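Asks: Sequence order for the protein chains is A and B.
Under the working numbering, think of the first position of the first sequence as 1, with each following residue one higher.
Under the working numbering, think of the first position of the second sequence as 274, with each following residue one higher.
Hints listed in this document are in silico derivations from the structure and should not be mistaken for laboratory results.
This one's a predicted model, so the numbers in the text were calculated from it and none came from an experiment.
Note that beta-carbon positions come from the ideal geometry of N, C-alpha and C, so glycine has one too.
Mixed in with the good hints, there may be bad ones.
As the list claims (entries may be wrong) - Calculated lysine-lysine pairs in the BS3-like style (CA-CA distance at most 27 Å, straight line): (1) K132(A) with K457(B); (2) K158(A) with K27(A); (3) K457(B) with K80(A); (4) K158(A) with K457(B).
Claimed, not checked - Covered by chain B, according to a simulated footprint, are these stretches of chain A (three or more residues, beta-carbon under 8 Å): (5) 138-147; (6) 211-223.
What the hints assert, rightly or not - Residues from chain B that keep clear of chain A, each with C-beta distances beyond 10 Å, as calculated: (7) L318; (8) F324; (9) W377; (10) A387; (11) Y446; (12) Y447; (13) I464; (14) A517; (15) E556.
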Amino acid sequence: MNQNKYPWVKELGCKPCCELKPKIKIKNLSLSYGKRQIFEDINLEINTGCVTGIIGPSACGKSSFISCLNRMIEVVPSAKVSGDVLIDGKSIFDSRLDLNELRKKVGIVFQEPTPLPLSIESNIILPLKEHKFDHISERVEKALRDVGLWNEVKNILKEPANYLSGGQKQRLCMARTIALGPEIILMDEPCSSLDPISTDVVEKLIHDLKGKYTIIIITHNLAQARRVCDFVATFWYDGEKEIGQIIEFGRCIDIFENPKNKIVQDYVGGLKG
Amino acid sequence: MYQLTKKNKDFILESVLTINGLFSAIAVGLIFIFVTRESLPAIHLKGWAFFIDKSWYPLEGQFNVLPMIAGTIFVSLGALILASPLGLFSAIFISFYAHGSLAWPFRRVVELYAGLPSVIFGFWGLMKLVPMLNEIRPPGQSLLAGILILALMIFPIITLNLMANFRPSSKKYYRVALSLGMRKSTYIWSILLPSLKQQIVGAMILALGRAMGETMAVLMVCGNIVKMPTSIFDPIRTLTANIALEMAYAMNEHRSALFFTGLILFLLIFVLISVADFWRRHESWKE
Ligand SMILES: Nc1ncnc2c1ncn2[C@@H]1O[C@H](COP(=O)(O)OP(=O)(O)O)[C@@H](O)[C@H]1O
Ligand SMILES: [Mg+2]
């Protein structure tokens, strides 16, 4: 890739891996829970191999938004989605699409570390077996190495995953997602329950994953967004229309250095939200 | 004015709960002492004869309790073996496969089952089930009839218990499993049920306890002949039915012998609960 074509990438010390080619196209996406509209007509393009941050205050619909992208939103019975999401040009709402394949392709890491109540290795093995992978143990080791957990857990693979610390659990959850070889990884405030050291490890991990995967990360931590993101979308709750909106989307450096929107200026300046 | 501080409130609540707990413990203790005291004369008189007498002939002073212990154990274990999968599958079906409008009536029916008086089960068993069994193999009133009726009575206990346990843990892990592209069935069999081993055994123990203590329904369908059963079509008499049948006219050593059978029932259930508790502790230590 041509590094000079995307100067901000270098400026931020990021890997020159971003490609300005949309991986995900979100078209007029609207969501309501029952009668309550959460967001309306969202249009957004997520570039291949980039880290796209989603920032904004609580309860404006960020989590709901990303859970539309792997259709996890359908777990909520009252949720109604309209509009379209295209991944590599194909609609994820296509009735012929295999939902489990979609979720394999679009992995998610939740806010709270949520290892399954199984052993450490089973947490990775079970999803791998579900998707009929072979060379299971090699894949487990590789995934654990990718998240920097291998040396910590290689001797306790059969112990319950609940024995791990918060940071280790979250990295295990990431390993579990990566092991399935996704193309896109969604992260919903992955560091919000972690201590600073674990947060650091996770951020490094995101740096390493960049380029290989298209990453969307929600974060409340603006400094973190600034450190890890290539692009940033700012969500805001519009009090008048009573819906969430993307009020500004752009390159990370633009959002933080000279945002156009007044609210964003105040928000990244630490005055609002 | 005297104000209730937070600490005081805590203290009052704690005292009430402690007194409550003490009260039930004392009640059980008193019942145990009473039953033991009433059975002492028979124990003195008969001793090991309870287990080696010819049979249970109260009028001849013969009091072998073994056939009834066997009857109780066979009928309740048999019922448990049938009721466990039935209860488990019902719970899974209602919680995960019955759609909204279907789940509600199913749940209500199971709750109704759990609350139905045993005499109704017994009555139905006597009028319908026993004649049917009689056609297969007379006399119809049998160990099998008891097992079937008891299984129907206790499976709702297992179902309701498990359904209550499914709710809290399931939401979180279900979401995780789906997000990894796993099927519902993988989630249920490989994640949910293994994580609920203790609760499943707990529900089974509760159901087994209920089955062992059940009196009316088994009395109506089991035939009540005191004999070691050699097949599931043989009539049996359980410890509970024995007490219910004879208490009204029993006197002296006969009466005391009946208390002894009550004591045995008491001990059986005590052993059952202790074993379950021991296992549970052992399991939770592993976690
Ligand atoms: N399952 C749900 N049912 C109904 N309302 C919900 C549900 N989940 C979230 N909401 C509501 O939707 C709004 C957006 O929530 P969320 O997407 O979690 O926001 P964020 O992640 O930005 O904090 C909130 O007001 C929340 O109360
Ligand atoms: Mg959220």
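Asks: Please go over all the hints and tell whether each is borne out by the structure.
Replies: Verification of the hints:
no., hint, verdict
1, K132(A) with K457(B), "16 Å, holds"
2, K158(A) with K27(A), "45 Å, violated"
3, K457(B) with K80(A), "22 Å, holds"
4, K158(A) with K457(B), "24 Å, holds"
5, 138-147, "violated (count 0)"
6, 211-223, "violated (count 0)"
7, L318, "55 Å, holds"
8, F324, "46 Å, holds"
9, W377, "14 Å, holds"
10, A387, "28 Å, holds"
11, Y446, "6 Å, violated"
12, Y447, "8 Å, violated"
13, I464, "5 Å, violated"
14, A517, "45 Å, holds"
15, E556, "12 Å, holds"
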